[in-house]
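Taking the hints into account, I'd like the entire structure generated from these sequences.
So the protein sequences, as listed, match chains A and B. Position 216 of the first sequence, counted from 1, bears residue number 216 in the working numbering, the numbering being contiguous throughout. Position 477 of the second sequence, counted from 1, bears residue number 477 in the working numbering, the numbering being contiguous throughout.
It is worth saying that the hints were derived from the structure and are not from the lab. Quick caveat: nothing in here was measured; it's all calculated off a predicted structure. You can trust all of the hints, since none of them are fake.
In silico EDC-like links for lysine to aspartate or glutamate, alpha-carbon gap of 16 Å or less:
hint : chain 1 : residue 1 : chain 2 : residue 2
1    : B       : K539      : A       : D114
2    : B       : K383      : B       : E352
3    : B       : K242      : B       : D255
4    : B       : K531      : A       : D114
5    : B       : K64       : A       : D114
6    : B       : K539      : B       : E318
7    : B       : K174      : B       : D406
8    : B       : K356      : B       : D168
9    : B       : K246      : B       : D195
10   : A       : K157      : B       : D498
11   : B       : K531      : A       : D117
Interface residues of chain A toward chain B, partial, derived using beta-carbon atoms under 8 Å:
hint : residue
12   : G63
13   : T67
14   : L74
15   : S75
16   : E79
17   : N86
18   : I87
19   : V97
20   : A379
21   : V386
22   : K390
For glycine and all other residues, C-beta sits at the position ideal for the given N, C-alpha and C.
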Amino acid sequence: MGISIFFLALVFGIHIVAVNVGIALATLVPILKRRAESTGDSQLVEASRGLFRIYAATYALAGVMGTAFTVFLLSFYPEFVGVAGNITMVPFGIAIVAIVLHFFAIVAYWYGWDAFDSRTHFYTGVLLTVTAYLIPLGFRAVFAFLNTPIGLEFDGKPSLNVLQALANPTFLPLYLKSVVGALALGALFVSAVFAFKGLRSGELSGAEESLYLDGLKWGTVGLFAMAILGAWYAVSLTNTPIKFNNIFSSLGWAIQGVQRFSDYSWLFLLKMALVVLQAYLLLELMVLRPGEAATKRGYTYSILAAVLAALTVLTGEYLNAFSQYPYFVANLPLVASSVPEPWRTILGRSLDLRNTSPLALDPALYSVTILALVVLFAAAGYFLYVVFFKKE
Amino acid sequence: MNLLEQWLSYPAAPDRVLSTIGIEIHWLILQYVLGLPLLIAVALLAYKKSGDSRWERMARTMTKALGLVFAVGAASGTASEFGLVVVWPNVLEAAGRYLFFPLYLEIFAFLTEIVFIYLLVFGWGKLSTNAKIAVAFLAMFGAWFSGAMITSVNSYMVAPTGIVPAYDPFSGWKYDQGYPKVLLVVPREIVGVLDVGKLQSLGMEVVGDTGQGVAVKMPSRIVARLAAEAWGGVRVRDSVLKLVVKPEAVGAVGDLLVKDVVDRILLLTVQTVGYTTVTFQSPVYPGTLLHSIGAGLTVTAFTVLGAYSLLLLRSRDEKSREYYLLGLKFGAIASLLTVFLQGAVFGHVMGEEIAKYNPEKLAAMEGTSSSILSISRLLGLEKLMAFIAYGSFDARLPGYDGIPVDYCTLLGAPRVTDCRPPLVVHYLYYAKVGLSVLLGLYALLLVLLLYRRANLPGYLLWLGALSPVLAQLVSFLGWAVREIGRKPWTVYGVMTVDVAHTANPADPLAYVIVALLFLGALAGLVYASWKVLYEPSVKG
Numbered sequence: 001m002g003i004s005i006f007f008l009a010l011v012f013g014i015h016i017v018a019v020n021v022g023i024a025l026a027t028l029v030p031i032l033k034r035r036a037e038s039t040g041d042s043q044l045v046e047a048s049r050g051l052f053r054i055y056a057a058t059y060a061l062a063g064v065m066g067t068a069f070t071v072f073l074l075s076f077y078p079e080f081v082g083v084a085g086n087i088t089m090v091p092f093g094i095a096i097v098a099i100v101l102h103f104f105a106i107v108a109y110w111y112g113w114d115a116f117d118s119r120t121h122f123y124t125g126v127l128l129t130v131t132a133y134l135i136p137l138g139f140r141a142v143f144a145f146l147n148t149p150i151g152l153e154f155d156g157k158p159s160l161n162v163l164q165a166l167a168n169p170t171f172l173p174l175y176l177k178s179v180v181g182a183l184a185l186g187a188l189f190v191s192a193v194f195a196f197k198g199l200r201s202g203e204l205s206g207a208e209e210s211l212y213l214d215g216l217k218w219g220t221v222g223l224f225a226m227a228i229l230g231a232w233y234a235v236s237l238t239n240t241p242i243k244f245n246n247i248f249s250s251l252g253w254a255i256q257g258v259q260r261f262s263d264y265s266w267l268f269l270l271k272m273a274l275v276v277l278q279a280y281l282l283l284e285l286m287v288l289r290p291g292e293a294a295t296k297r298g299y300t301y302s303i304l305a306a307v308l309a310a311l312t313v314l315t316g317e318y319l320n321a322f323s324q325y326p327y328f329v330a331n332l333p334l335v336a337s338s339v340p341e342p343w344r345t346i347l348g349r350s351l352d353l354r355n356t357s358p359l360a361l362d363p364a365l366y367s368v369t370i371l372a373l374v375v376l377f378a379a380a381g382y383f384l385y386v387v388f389f390k391k392e
Numbered sequence: 001m002n003l004l005e006q007w008l009s010y011p012a013a014p015d016r017v018l019s020t021i022g023i024e025i026h027w028l029i030l031q032y033v034l035g036l037p038l039l040i041a042v043a044l045l046a047y048k049k050s051g052d053s054r055w056e057r058m059a060r061t062m063t064k065a066l067g068l069v070f071a072v073g074a075a076s077g078t079a080s081e082f083g084l085v086v087v088w089p090n091v092l093e094a095a096g097r098y099l100f101f102p103l104y105l106e107i108f109a110f111l112t113e114i115v116f117i118y119l120l121v122f123g124w125g126k127l128s129t130n131a132k133i134a135v136a137f138l139a140m141f142g143a144w145f146s147g148a149m150i151t152s153v154n155s156y157m158v159a160p161t162g163i164v165p166a167y168d169p170f171s172g173w174k175y176d177q178g179y180p181k182v183l184l185v186v187p188r189e190i191v192g193v194l195d196v197g198k199l200q201s202l203g204m205e206v207v208g209d210t211g212q213g214v215a216v217k218m219p220s221r222i223v224a225r226l227a228a229e230a231w232g233g234v235r236v237r238d239s240v241l242k243l244v245v246k247p248e249a250v251g252a253v254g255d256l257l258v259k260d261v262v263d264r265i266l267l268l269t270v271q272t273v274g275y276t277t278v279t280f281q282s283p284v285y286p287g288t289l290l291h292s293i294g295a296g297l298t299v300t301a302f303t304v305l306g307a308y309s310l311l312l313l314r315s316r317d318e319k320s321r322e323y324y325l326l327g328l329k330f331g332a333i334a335s336l337l338t339v340f341l342q343g344a345v346f347g348h349v350m351g352e353e354i355a356k357y358n359p360e361k362l363a364a365m366e367g368t369s370s371s372i373l374s375i376s377r378l379l380g381l382e383k384l385m386a387f388i389a390y391g392s393f394d395a396r397l398p399g400y401d402g403i404p405v406d407y408c409t410l411l412g413a414p415r416v417t418d419c420r421p422p423l424v425v426h427y428l429y430y431a432k433v434g435l436s437v438l439l440g441l442y443a444l445l446l447v448l449l450l451y452r453r454a455n456l457p458g459y460l461l462w463l464g465a466l467s468p469v470l471a472q473l474v475s476f477l478g479w480a481v482r483e484i485g486r487k488p489w490t491v492y493g494v495m496t497v498d499v500a501h502t503a504n505p506a507d508p509l510a511y512v513i514v515a516l517l518f519l520g521a522l523a524g525l526v527y528a529s530w531k532v533l534y535e536p537s538v539k540g
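Structure, rendered in structure tokens:
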């Protein structure tokens, strides 16, 4: 596996965790702000504003990592980008439109906090929330296509039948699993934010403590929901037999007659271990020792649970992505024979992750990349320190 | 001649219109990202030196504006990036295959921008003045670094490294000799199967041996045809290449995809030139970089000028008038400096490069066609313009009517019916130049009046308030001339628009919706700026 894959994985991993937190905060903050205004709870207004400040910063990080991913993809796999660009206008189009609106909503919501009237600000928040769910809708449609290319048609050129593509059996479970996972992580993230504050300052305002406990509660519900949705997605992967076997065949579940190209059962087991640890911590806080949730120990457990949730999301995404290695489209070996020439040759080459662009194989490029990433992550770390931890 | 009809006659008209809207809106916004960090740093330096808190207030306001425009600019940039992927996938793929390095470095430029711009915005109250100055300069570095990377790729699209134009200002057009030509390095094994005699009869010139291959100047009509075949899934046996492959080799290479042959040639060419430097060696790069950053600075300076003009006109806060006057003075001086540099120095450098390497575009810009009313001809400027472009009164401007309509095609491919650039750019160009001169004169007058401590009449302040719009218009027209004037090429001499664009364009209605969305986001940004920056200032 070339180093290019790891660069892609690094930026994608940061992007996806930040995006997941973002989906939750984009949902939560407008609701909290609205609730605070209707009840006149100034503490809740401040708490939600603080959360939105975190969101703006994490979204910036998510955005830049998303861009980095696209450019890495273009540099390492240009032919894949060319092929994908020619056939995925509609799903990408949905995501593009949503991204523009979402970015705009973030800016308007942030700067309009005191400048807009309450009603306008709320509707800006609605736009923020709706677009937060539309962005993954477009991208998950593409990811489902990368599982199995349903809707791919050839009429002198490759094209996509959008309705068929949306009926991809892996699309709905993948999308729902993604957004529920994001909400679960986001809820625990909110708890962790206030837990951190509790550890530092020793006390939380009433609104903050309430948010802290609500975050734990909804994080627990989300974790439970994920167990069901995760199983649904796993079952839907029977439509993507190569991927299914790459994950599960070592564990004794295999689709017979289909080759296994790699073994990522260990990543699946790691993910499950993270889920179990999370469940244990939440059980401790919510059921076994509920009175200790707002203590030093409880705060520490909450932060740990959020970290584990982030790692769960990360390992889940990596599992989904790596388990189709070495192909961009997991089912490619099974559908290749039905693709007419010359597209069979072109797709066979462009959808193979081992075919890195020759010019991008220069070791000097990788050295520069590693050095630049180290410097920039250090700068980003300083930025986060100044914004969140340094006192005025 | 119907100028609009001519412009729309090139392939992929809806795609081009949508891209114009999307990319121009992104450019409109990001010019402030290029310009504001420098002005913030200067204002902070002035504050450090004078201790006058008005400078700090000005820097703070500009930082707030920077945070606002950067966020929306990042959104429009992301949208433009994905737009390029889905609307022009083939040119993007080509860029990713051969020119990826500046795009790759752009990631780090973007990271630098985002870290330091947001550090300035969110960390304002937590950083010392010295730290803020340093961060502002680093933000400027990130933005200019980013601009340097992107404009290198755009420069390559305007004049690829190794392009040999079809015009000599003293002897005229050279289409009959197969120009324009593109310098390529053909791998030795490919040379071995080609009938070089036949290729030379088509205009190919052998330059020399490079070790791994043979450097040739290949007529761009052949290159464009090969690009069309490469992205059309054509095999050698069905390609124009079959005409120049040795008969005994057709059997062996007939099943190869033209894309593979083109790929080998372009890879070796880029490896020979240097994959990290290929775009930076574009002959129009220096002028492009200077003129682009200059545009950002000019637009930003006029916007500062405009904002403080408006505040002086509308503010009810008498206490702040001194501050607004200081802001106006700052904006006016910056505007005068930048508009002068941009027009007389940076613009001239770029103009000379275009004259030399994009003669067809220059012919359209100067409107040297008998079928339109040419402003330069009407004003008797043709000799002067030729002198400015080529440095000699003996030089002649390229005549538009001498450009063959089919110079970019070979045997009907790529599918372009008119290879000449659209003449509408003549009027766009002269509108841009005229408005620039007016803006320069206005800035000069304002600075003179401010230095003479004269009372500024209201209409002059209203003109100031209007000047950012005019500066943006000038900048818009500049890019319009550059991009529209390159048609029908996407990469001059290499790839035409029909080859670059998607095989599966969307319904025009979808394009209209996306375009409206872009315009809506822009309107939203203007509204947000009004509410967040202007209204609080007016209220004092």
